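Trainee: Listed here are the chains, written in short residue letters.
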Amino acid sequence: MSEPIRLKVNGDVHLVAAGPTDSLLDVLRERLSITGAKRGCDRGECGACTVLLDDLPVNACLVLARRVRGASVTTVEGLRCGENLHPLQRAFHELGATQCGFCTPGMLLSAKALLDHNFTPTREEIRTAISGNLCRCTGYTKIVAAISVAARAIALTKELGDGARTASSSEHDRDKSFIGVVGRRLPKIDGLGHVTGATKYADDLVLPRMLYAKPVYSAHDHARIVRVDVSRARQAPGVAAVITAQDVPENRCGLTVKDQPVIADDKVRHRGDVVAFVAATDPRAAAQAASLVAVEYKPLPAIFDPVESLRPGTLTIHEPGNLVPFNASGCIRIRRGDVNAAFDAADIVLDETYRTSPIEHAAMEPHAMLVLPGPTGSLTIWTPNQVLFTRAAEIAGILKLPLSKLRVIAPPIGGGFGGKNDVTHEPHIALLALQTGRPVKYTWSRAEEFIASSVRHPFVMRHRIGVMRDGTIVAKWVDTTGDAGPYANQSPAVLTVHCIFSCGPYRVPNISIEGRLAYTNNQIAGAFRGYGVVQAAFAVESQMDAAAAALGIGPLEFRKRNALREGDTSPTGQPLAGVGIGECLDRVADALERDHE
Amino acid sequence: MTDARYHAPEGLDRALALLDQWRHDALIVAGGTEAVPRTGYGPRHILDISGIAELRQLHAEGPERLRIGALVTCTMLATSELVHKRMPVLAHSALSVGGPQIRNLATIGGNVASRSPRSDLLPALLVLDAVVTLSRHGGSRRLRISEFLAEGSRDNELITLMDCAGGGGAAMQRLSMRRALAPAIASAAVLLHLNATRKGWSQVRIALGGVAPRVMRAHKAEAVLTHVPPFGSEFAQGVRRAGDAAREEANPVSDVWATSWYRRHVIGVLTQRALLQAAKAADAA
Chain C
1 MSEPIRLKVN GDVHLVAAGP TDSLLDVLRE RLSITGAKRG CDRGECGACT VLLDDLPVNA
61 CLVLARRVRG ASVTTVEGLR CGENLHPLQR AFHELGATQC GFCTPGMLLS AKALLDHNFT
121 PTREEIRTAI SGNLCRCTGY TKIVAAISVA ARAIALTKEL GDGARTASSS EHDRDKSFIG
181 VVGRRLPKID GLGHVTGATK YADDLVLPRM LYAKPVYSAH DHARIVRVDV SRARQAPGVA
241 AVITAQDVPE NRCGLTVKDQ PVIADDKVRH RGDVVAFVAA TDPRAAAQAA SLVAVEYKPL
301 PAIFDPVESL RPGTLTIHEP GNLVPFNASG CIRIRRGDVN AAFDAADIVL DETYRTSPIE
361 HAAMEPHAML VLPGPTGSLT IWTPNQVLFT RAAEIAGILK LPLSKLRVIA PPIGGGFGGK
421 NDVTHEPHIA LLALQTGRPV KYTWSRAEEF IASSVRHPFV MRHRIGVMRD GTIVAKWVDT
481 TGDAGPYANQ SPAVLTVHCI FSCGPYRVPN ISIEGRLAYT NNQIAGAFRG YGVVQAAFAV
541 ESQMDAAAAA LGIGPLEFRK RNALREGDTS PTGQPLAGVG IGECLDRVAD ALERDHE
Chain L
1 MTDARYHAPE GLDRALALLD QWRHDALIVA GGTEAVPRTG YGPRHILDIS GIAELRQLHA
61 EGPERLRIGA LVTCTMLATS ELVHKRMPVL AHSALSVGGP QIRNLATIGG NVASRSPRSD
121 LLPALLVLDA VVTLSRHGGS RRLRISEFLA EGSRDNELIT LMDCAGGGGA AMQRLSMRRA
181 LAPAIASAAV LLHLNATRKG WSQVRIALGG VAPRVMRAHK AEAVLTHVPP FGSEFAQGVR
241 RAGDAAREEA NPVSDVWATS WYRRHVIGVL TQRALLQAAK AADAA
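Heads up: the protein sequence lines correspond to chains C and L, in order.
According to the numbering used here, the stretch in the first sequence is residues 1 to 597, in order.
According to the numbering used here, the stretch in the second sequence is residues 1 to 285, in order.
Treat the hints with caution; some may be incorrect.
Looking from chain L toward chain C, a few residues come up when the C-beta cut is under 10 Å (computed) [said to hold, decoys possible]:
#: 1; residue: GLY32
#: 2; residue: THR39
#: 3; residue: LEU181
No wet-lab data here; the hints were simulated from the structure.
On a predicted model such as this, the values are computed, not experimentally measured, just so you know.
Each residue gets a CB set at the ideal place from its N, CA and C atoms; glycine is no exception.
Hey, can you work out the whole structure from these sequences and the hints?
Mentor: In structure tokens form, the structure reads like this:
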């Protein structure tokens, strides 16, 4: 039951409807379209929704709108004084303290709360003030620097009066007119939008008559679907459409292996599989309707370990088996020289197995997508995707539409790290938009991010290294298995890079590398910065330390002795140019020495 | 799911009358940091007590005591001169809660009501031997915090006050994955009172967080230290043995933050550090 409340935001008084459980963030974003406060987690963990409530920073997602009563709310949109940026906004913009920009509004408001009563803060005080705001891109260094620069600017203005402000801004204008940009630090091209709240991310976009979507995800890790009954969901209040597998024109997708249903039909293979998708007039109605979709499952045993998955006799996730069939052999093999002879001749041979875990990208901005249907069956899709053109073609294939019918737009991305590299729910939202003839938006919850978005591949890597007493590596044998999750997705490409990098940046004359991918009922694995190299590096460098210790050589010295040099070839025979590992190690050694002094 | 109804009484009496009527059907919202994320689960009534001004008071009682209203926020605890002067361990503990935004909302009453083993305030409140006032429609009762932790409250009761005694020297040590927005893997609070001769202890209290289903007093570790003189190598040895005793008393679980083994190891270290810090404070008091 919504009731009108009086809400004072950035000096303006609004009379706005607020339900009993609506948060201040819900009302700001959904009712007032004040989108500067971002929804990063909706449970007070990230700080992206920070606003000032009577000058105190709070998480807008944790404040019931109705309790705000007479308090005054400040969002990032209220920071500017007329045409002038707040000193914090200017410092953030000019010093490059914004990257994706999604955490910036909250960060600015936490900083403002500090500088309002302390314009000579210590570094520690600044760090404490922003300790409730997570930034996934910058590492905080430039943010802390920008806050202290802004503090000095404020202190100077207070000391010298208004004259100081004029002087510094005219100096700024002169700076801007300087011709030539090469070798100079320039403000980020979209930085101004980030610091003022003008940047519109996908979830900030609103269209007239827009519907809100909600997925029904699998209730099991692995199960046969017996029946999907959407009749109650269709009759729920506010529901405009419910789609299931039979509504998808081409229900098998995949970059290299077409193994993934867009909406699960015969089986669910992990918790992130979509069984149905609902569109309704508001997010609560959509969630309510989604909970009314009745799915009957026949649960199957689930497999979570990639090595176990490939054992003979294991239950299959796909027919004919759990080895991802991305080529004829299902393997990547790299061979050079004669490893067996080299191991026989080696003074020391080490053999270890290393494992890595799945990792969620955890970008500050959850996935969000909006689809607007056009009059002639065309679609405009806003999706913060990192690989727009390839994905547009995939979406067109699923919808069986010519590419000319799609206009795919990537709004600013609030952090990707490879996690916004896949086609996710764009086809579902597009189908809902086509069925209803209305714009449809879907924004993932943080929990849904963990369930249904891709993760970094877990790998099980057996590495064998052969070394001579003088510290020379003579052979490397690698047997590596990647956990693709239930669908191949980008796994073959990740595996290829992983294998090529399985000797690290070191000279190895005799090589045998074999890698494969296993289907499991874990999350889908996908792109993540480093693209398979990080896992290989963990195994390679761990074994380099072990080998150095076995030889009694320092770990740095051992690496320098074996570092690739100009003109060497990669394990796949590629001649290498611009090899920097030797110099890199030297510089690290110098820096370490300086640190000790 | 029917929509919840929202009530924000401004007087305590009215709030207690409503609670008496709805009992478990009401979701009580004070700071909201725990309750608001739970509103999606469909409570029938939302009882927002955040506007009850009389519960937002913090008073001195006599020369050493503090009377703290249930709606006093962690920020108020962390910045109040009175708290800093009389029981700095409580101010320090309050500063460990969440991040600044959480501390501006989160209340002492909500923190206590959670009875969470990860609470950042409960170890300090336990060594301060806080007394909790539970009010209900037409009455109230007072419970020592240890009793409250064991029993909890009834469904028509609201935590309204916390009475704490200062004095002696106290300290709290905690470990978490990062300094803000991360729950304590383990924490230890200690309160030490020197006796009149200043050559022995009149009071030794140790509380452990994160290593048992509830925040607990480490009675064995306390017993180890009680008869140890407050200085010299005997004291240093006593601190080590008390840390070992705390490890034995702890009953930690393994979860995403730490293994049981690691928590058990850490609680010994934290207990020892808190003891050394509290002894210094007791000496200065």
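Trainee: Against chain C, is THR39/L within 10 Å by beta-carbon distance?
Mentor: At 4 Å from the nearest chain C Cβ, THR39/L passes the 10 Å test, so the hint holds.
Trainee: If you take the shortest Cβ to Cβ gap from GLY32/L to chain C, is it below 10 Å?
Mentor: Constraint on GLY32/L satisfied, holds at 5 Å.
Trainee: Take the shortest C-beta to C-beta distance between LEU181/L and chain C; is it under 10 Å?
Mentor: At 6 Å from the nearest chain C Cβ, LEU181/L passes the 10 Å test, so the hint holds.
Every hint, counting from the list given before, is met by this structure.
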